[in-house]
Amino acid sequence: MRTGFDKLKKDSLKEWELLSGGRPSVCIGTATCGRSAGSMEVKEEFENVLRTTGIEADIVEVGCIGMCFAEPIVMVRANGKDWVCYGEVQTSQVSEIVEKHIKNNTVVRDLALGTLGDTGIEGLPALFESQVMKGQVRRILSNCGIINPQSVGHYIAREGYTGLQKALRLSPSEIIDIVKKSGLRGRGGAGFPVWKKWTFCYEQETETKYLICNADEGDPGAFMNRSLIEGDPHSLIEGMIIAGYTLGAHEAYIYCRAEYPLALERLRLAIEQAENIGFLGHDIFGSGFSFSIKIKEGAGAFVCGEETALIASIEGERGMPVPRPPFPAVSGLWAKPTIINNVETLASVALILRKGAEWYSNIGTEKSKGSKTFALVGKVKNTGLIEVPLGTTIREMVFEIGGGIPDNRKFKAVQTGGPSGGCIPEKLIDVPVDYDELSRLGTIMGSGGIVVMDEKTCMVDFARYFLEFANKESCGKCAPCRLGTRQMLDILDDIVRGRGKIEDIDLLLELAEGVKAGSLCGLGQTAPNPVITTIKYFRHEYEEHILQKKCRASVCKELVSSPCQHTCPIGTEVPAYIGYIANKEYRKAYEIILKDNPLPSVCGRVCHHPCEEFCQTGNWGDPIAIRALKRFATDWAIENGLYPTEKRYRIFREKVAIIGAGPGGLMAGFNLVKKGYDVTIYEAEDIAGGALSMAIPEYRLPLDILNLDIQNIITAGVKIKSGIRVGRDISFRELKHSYSALLIATGAHKSKMLGIENEGATGVIDALSFLKNVKLNRETGIGARVGVIGGGNAAIDAARSAIRMEDCKKVIIIYRRTEKEIPAFPEEIEAGLEEGIEIMYLTAPVKALTDGNNILKGLRCIRMVPGDYDSSGRRRPVPVEGSEFNIELENVIVAIGEDPTTGFENEVEGLELQDNNTIKTDPETFKTGIDGVFAVGDVVTGPDTIIKAMGGGKIAADMIEKYLNGEDVKAEYAPTRPSVYVKADEFDPEAEIELARPAVSRIPVGKRKTNFLEVDMKFDEETAVREASRCLRCDLETEDAKAALKVIEE
Amino acid sequence: MKKITCYIDNMRLEADPGETILELARANNIYIPTLCYHPDISPSGNCRLCIVEIEGRRGQHISCMTQVEDGMRIRSESQEINAIRRTTLELIHANHTQDCTNCTSNNNCELQKVTAYIGVDEKRLERLRRTRPELKVDDSNPFFNLDHNKCIMCGICIRTCDEVAGVNALDYGFRGFDTIISTFGDKPIKESVCESCGECVVRCPVGALYVKEQILPAREVKTVCAYCGVGCNLYLGVRGNKIVSARGDRESIVNKGRLCVKGRFGYSFIDHPERLTTPLKKVNGSFKEISWDEALDTIADKFSGAKGNFAALTSAKVTNEDNYIIQKFARAVMGTNNIDHCARLCHAPTVSGLVQSFGSGAMTNSIDEFKTARTIFSIGSNTTAAHPIIGLHIKEARRKGAKIIVANPKEIDLCRFADIYMRHYPGTDVVLLMGMMKIIVDEGLQDEEFIKSRCEGYDEFLSSLNDFDTETTSNITGVPSDTIREAARLYAGKRPSSLVYAMGITQHSHGTDNVLAVSNLALLTGNVGRESSGINPLRGQNNVQGACDMGGLPNVYPGYQAVTNDDVVEKFEKAWSTKLNRENGLTHTEYFTEIEKGNIKALYQVGENPVLSEADANHVKKALEKLEFFVVQDIFLTETARYADIILPACCFAEKEGTFTNTERRVQRVRKAVDPPGEAKDDWWISCEIAKRMGAKGFDFDSVTDIVEEINSLTPSYAGITYERIEEEGIQWPCPDTNHPGTKYLHSEKFARKGGKGKLFPLLYKASVELPDKDYPLLLTTDRSLYHYHTSTMTGRVSGLKDIQGSEFIIIHPEDAKKMGLVDGELINVKSRRGNIKVKVDISRICPAGVASLTFHFPDAPTNELTICAVDPVSKIPETKVCSVRIEKET
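Protein chains in written order, with numbering that gives the first Met the number 0: chain A, 0 to 1049; chain B, 0 to 890.
Calculated directly from the structure, the hints in this document are not laboratory data. Since the model is a prediction, treat every value here as computed from it, not as a measurement. The C-beta atom is built at its ideal place from N, Cα and C for all residues, glycine as well. There may be inaccurate statements among the hints.
A partial selection of chain A residues facing chain B, derived with a Cβ cut-off under 10 angstroms [claimed, not checked]:
no., residue
1, Glu472
2, Gly497
3, Lys500
4, Glu502
Under the rule of at most 25 angstroms between Cα atoms (straight-line distance), these lysine-lysine pairs were calculated in the DSS-like manner [claimed, not checked]:
no., chain 1, residue 1, chain 2, residue 2
5, A, Lys335, A, Lys380
6, A, Lys515, B, Lys122
7, B, Lys743, A, Lys335
8, A, Lys549, A, Lys1041
9, A, Lys354, A, Lys195
10, B, Lys399, B, Lys122
11, B, Lys696, B, Lys306
12, A, Lys133, A, Lys380
13, A, Lys335, B, Lys600
14, B, Lys301, B, Lys743
15, A, Lys735, A, Lys751
16, B, Lys135, A, Lys471
17, B, Lys280, B, Lys301
18, A, Lys500, B, Lys696
19, A, Lys471, B, Lys186
20, A, Lys926, A, Lys982
21, A, Lys594, A, Lys515
22, B, Lys186, B, Lys839
23, A, Lys354, A, Lys455
24, B, Lys493, A, Lys335
25, B, Lys749, B, Lys301
DEER-style ranges, computed between Cβ atoms [to be verified]:
no., chain 1, residue 1, chain 2, residue 2, range
26, B, Asp367, A, Pro171, 56 to 64 angstroms
27, B, Ser77, A, Ala334, 32 to 40 angstroms
28, B, Ser77, A, Trp619, 51 to 59 angstroms
29, B, Glu212, A, Trp619, 57 to 65 angstroms
30, A, Lys535, B, Asn167, 58 to 66 angstroms
31, B, Ser798, A, Glu204, 53 to 61 angstroms
32, B, Asn167, A, Pro171, 39 to 47 angstroms
33, A, Glu204, B, Asn167, 56 to 64 angstroms
34, B, Asp802, A, Trp619, 40 to 48 angstroms
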């Protein structure tokens, strides 16, 4: 046996050295992930190019190295140097790689991900030192993406089949002992100690025993086994032979799903090779042990991953589980003792025999030894196959290896273990992942799928999805699973459709327990896990769905209708007006906007457009430019003189006073007038608009545009008394006495201060004061060099206003986090940069530098680096010791936020103030502690957006009406629906997804830098219509919409 | 087996090792709720209601599949258990039609029982969604419906169809919530392989599978099924004077509660409006109602003048008592041994052959012994179609590990269960069997000891084997050599081996040789005279065994006492106080030739229909027309009755008392369930009345009990089978005295032959008389349908059975069909040298190429007009299994 194997090994090493030797080689990842990214075309192109250029190089197909996100991956080696790994190689780039790298020995740097090898190449990182690979280990996957899976020689050259060599010299009980020492637990899901399972079977005194490898991998999002088989099939074969030898089984099956054609092809070849060599067959290498492996293709039923159902399937029966005991280890396939192990388990066995139990168990946690492969998928940048020591945290996997969440979205949860698992919320992602910890959290390891979810995932819908899967895949045999999962699904279906009842949440939990305890097999016993864990960690989302008909992720169609309308605090019927614009019915578009929004021109310019955040079109490409389309419609209305000029509403009800003519107050006033109330707004400033008139620079929102909207409100019947400050010019008490109801909407005008030394120096100003002074054409005192602290929109507004000041030469924004994290709108930043503003990231002020007269001279700053993650999932910046430096500045504008202030707090009894000086109200009705007094806007929420304040105003108006009618002041909710279904234009979704969102044009920098002309230009008609027709019109997908459209059609 | 001790709810209980907790609980009257358990089939653990807790073990365990262990302490309920059970049950209710009062299973519903025990709160149910869409009721089957809306998916029907019926018509279909009980391809049940036995319906714990138009009986009468020779025990449900239901008797050793489609659903002929209700007399070619007196007097008068040229056909469908009286009438009153019946057409060679080899012409072993046989060899028997319940016994044996060998030219249903299938060419049975024996002898697998001690004729037999080397055997039979070899080794090697055969063996011009061949095989391998082995001819009609036993044959008195034996004749002369004929009478097949010759002028026929059942039926019709006086006694106006001069209305099985003897020699009680229609009378009463009016003595019987006493006294093998003894369970003959328990299997110590030894016979291959040629290129063989019986006098009047199969079709192999350009379902003419019928074509590989098959059930396609009346010289059976035909397309 020895000599035979030694010779084989010698030949194999030769073959392996050929690949790693002098001749240039190209390895192309042609596993399924590579193929779907186009690696076969890339391979063909390499062959073409090499043939036509006459350049000599070997082309070798390899498996998946794990970085599926970077496929097609090509590794090139030339001139005896290290391998260079290229990612996302397109066919068009092949000739460049050949020409430069293979022919001229120059690395194509912008495609290179890193090097593989011992010597390295200057200027290129080692691949395994990269962010993605650093936290990983390469044990089970050590050959994947490295060797040619179709070459048994490659496997042998890399110590393959040495585990088997060792095993055949040991007794079965010695092998079981080694496996026991290694601490290996079943990698299929439940983590049962492998040695224990084996012992049950080993102890059976039966002539015939079977080994089955479960390669059914049915979890959505899991592909570890597939990748391993595609990349290194012999590791499985070797493990199986060892297991067979240990157990005394002579026949084995690999149960692999038919949806894995490549894996099946690789397995067939590997078995054939092993048979030819004599690893499989009669009397293996003279050991007296005979063993054969057959492949059984599964038809894709999830339940066939359950071992008794799998056995039934191999036996040719319908894949249905049978109760255990007897366990398959005692009575399994054809009633003979049978061991079923997962692919990774068996591959690990080969590894353990090769490298030893101590080596294997030197990583991992106390009870979960070794490494584990995971399929990292979902909303994560670096999707792919990873291998980490057990005990690695989710955070490390998602944020280090996975590179975090794409599009700067917020991380929400991960899901492990497929439909049998559960979710782990953000707050628990520092838990080390091993079998026991996951089970403690209510989920399972499963075979290793990790699905990352961001804020666009609705947790109720998520639970529903997995339950639907479980119910569809239930074999139907036992009542709890067949009926229970459906019952739960029906309840969840009601919830996501707005028909849920609050008692349903507890009913779900009750059913979940019943199904778990009552079901026959693992499928039913674990199917409720997604529901249980989402309720455990995200109960509030269930409650929102049920009570507020709200889906925060804008996923649940029947609640949401369209995400744009659903997320709009004032419920603007976006799809309707977009539909009208697409149909060139601009007047109708304007009327739809005006119906819900008394400040349409303002919002068309400065709304922070939450509507665009969850835009469905944005899921496939760019979101629709909703705000720009609104501006198009309102500008068109202005040009065509459509703005209302006459008083429109009849006043016939009680008098209501509103304090503050900001967006919240104006909105409430407008809505109350519409209802017939006699509304008076008291505004402390001389002009109405609040932050709109005081804090938003003219170049973004011209005053005459604002006034047009305010005029709209006035013509509707709202009376605005400007220059009257409540608490100074009129007492709150007096107002309360004179009006039937009061609304406080005074906003947040008090800038927060930095809390650094010398903050009071002359030249340090707060952003709000600065912006107000600019707006009111007052003296600003801005000098040549200005620093702005902060990264929000106010900071950018301040910076861009400052740069427009006559004396100002330079403006530097100082922001303590990274470029990725800056919260201001990217288009604003971009415009600011065009205008010459600088931004210093990862920098924080330490102290203001002054001269003897307390006049600002500069700022002492310190460099920051990202530290630990904070509660928002972002990395908290921490100062770099000794990195302080000074900047010379004449002004510092502090733009780090504002606090509310009313000016009459002390006068009013019963008004409860909170820590940050906000007024405490009922969150749903905006009732304050005083009867008949309501409060909305920033004074309640703290500094927030215009549209949110307006949203508050709208609700407050409704609540005030209820109050004045003597009704119960209670918020009522209904699923979002538009008042009209506008017929969609004919469109081809495929083609329209390809269309890009048009950028909003700005007037040239030269024409705007020294003045306050409005910078953004409106869409021209053609652009607007095209953009509007790009909308997918998801509002037409609800059942109501379909019914309505049907009526229209008929 | 040593008992173990365990505890349920602290009750100390004795249990058998291997017993499940549920079985133990049931045995001790402890209720554990369950919906998917049924004692007849394996547990599947899917309703999840029978959970219990076991001390020292985590969680809950299903009691139906957890075996008891010594010292085990079991709790049948706890808070957890109740919570889980309640949730599961509520889920079931949420998806179950909540309309108990309109359900056929109301008050007989396991779901109701379980619900009452566990308790389901309406309030709690209201919280649940009930979104299951209304599913269509499958009402395709003529006898029962499947309502998915009431189905609780316990799977009992699936397991029953698999384990009890072996049909596998039902399985789970689809997945998840949509899972339903379904057929292959989700076709309507009628279009599936379902055999409508109704075993699933019987076991359905709710009202999902239910009998159509179910009427509950007011009382039930235990009796024996009137179809086929298996002799299933059943309870007829009676309401008023109408049979409204039938159910199998679970206590019966014969059928253990199981019934086939005919037995369970085929009773509606009993009160069919076409039943004969008054005597009829043919006047000017049409029948006129007459009084019993007129009828009987006329007959007495005519028969009195026909002594010397009289013959009688008694019936395999009437009771032993009826048969006894009719043969007594022929012999004692008419002075003739011209008494025979249709056994001539089915198992005459069995009697003639087995009497030669074993000394007794009946099934050697019992039905109940199949389950313990290790090899079962079925040759020339479409067991599951013609003897469905024996088919079930064989399937059960296979489940328990028995090997099955099937030899049959047609790929019959049992082939699905066969370990070895030999498709031999029709008429080559002797060659096949002798070929097997050659291999057995060549390989030394014969039972030398048995041969030496219990057999004779071995050497002569051995020498005749030389003609049957394996190659020749394979060439003649068309069965591959290896298959024959395997079958030989299995039959000889894995013993006890039981051989079953039926008309595939007997209905040949060399039928007796065939029977000798099977008995040779049994003797050679020692597979006879032992439990679970033997030669088991499956008798066709319900009382064909009894009709033979009662001397309904031209050569024997009751109990196979030869009419040529002076001692015997003297015994009967003494008992019957009259002189008796000492010459063998004519056989059934000979009657018609003799009628044509004018030697028989009067015929008394009871419950027979030779116009359809006799080979070469056209010559039968011709003969019947020549009769001077023809009396037919029957329950319907059969095709043959149309030729009668007088027709007498008789009682059917449900209207009479008496006994039937089934194929395993078991004499069983038949009981009256309803009154006969109109003036229909017991067969024995009618014969007695004729006899009395002819002045005969010895026919003054008041009841069947009196007749039985006479049978007991004159029939040694029936001597101990009195009515009292068979009240509960039948007794198998021979039963020489009232202390004898009956005989389970024959020939245990010695054979019934003179000298007590079995005899091996040398045999030759004799080809069938009419084989295909240029003019008639197809070999026609005949068979039975599961859904019909005999000439469908009864089954043809059961609308459901007609619905399943309403007409004849000829099975033709696709190759032949292609050659002839036939399409499935096409109406064609089948012609033989003797006749011509019109039937539809069923293209199927069930028949091999070159062979076609018909049944003989349907009057509108009288198959026997085609068959040949080439008879076996010994037994006079016609060769209805082989003749040649040609197909002519309908023009």
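### Query
Are Lys335 (chain A) and Lys600 (chain B) close enough, with their CA atoms no more than 25 angstroms apart?
Violated, because 72 angstroms separates the two Cα atoms, which is more than 25 angstroms.
### Task
Compare the distance between the alpha carbons of Lys471 (chain A) and Lys186 (chain B) with 25 angstroms, and conclude whether the hinted pair is satisfied.
holds (22 angstroms)
### Message
Using the nearest Cβ pair, does Glu502 (chain A) come within less than 10 angstroms of chain B?
### Response
Since chain B brings a Cβ to about 7 angstroms from Glu502 (chain A), closer than 10 angstroms, the hint holds.
### Distance restraint evaluation - Glu212 (chain B), Trp619 (chain A), Cβ atoms, bounds 57 to 65 angstroms
Cβ of Glu212 (chain B) to Cβ of Trp619 (chain A): about 60 angstroms, so the range 57 to 65 angstroms holds.
### Task
Identify whether the interface hint at Gly497 (chain A) stands, where standing means a beta carbon of chain B within less than 10 angstroms of its own.
Violated. Min distance 15 angstroms.
### Query
At a threshold of 10 angstroms, is the proposed contact between Glu472 (chain A) and chain B supported by beta-carbon distances?
holds (6 angstroms)
### Query
Does the alpha-carbon distance linking Lys515 (chain A) and Lys122 (chain B) stay inside the 25 angstroms limit?
holds (23 angstroms)
#### Entry: Hint consistency between Lys749 (chain B) and Lys301 (chain B) [alpha-carbon to alpha-carbon, up to 25 angstroms]
violated (48 angstroms)
### Message
Is 58 to 66 angstroms respected by the C-beta to C-beta distance linking Lys535 (chain A) and Asn167 (chain B)?
### Response
violated (45 angstroms)
### Query
Is the straight-line distance between the alpha-carbon of Lys594 (chain A) and that of Lys515 (chain A) 25 angstroms or less?
violated (51 angstroms)
### Task
Check the following: the C-beta atoms of Ser798 (chain B) and Glu204 (chain A) are separated by a distance inside 53 to 61 angstroms.
holds (59 angstroms)
### Message
Between the alpha carbons of Lys135 (chain B) and Lys471 (chain A), is the straight-line distance 25 angstroms or under?
### Response
Distance of about 21 angstroms is within 25 angstroms: holds.
Of the numbered hints given earlier, the model fails hints 2, 5, 7, 10, 13, 14, 15, 18, 20, 21, 23, 25, 26, 30, 33, 34; all others are met.
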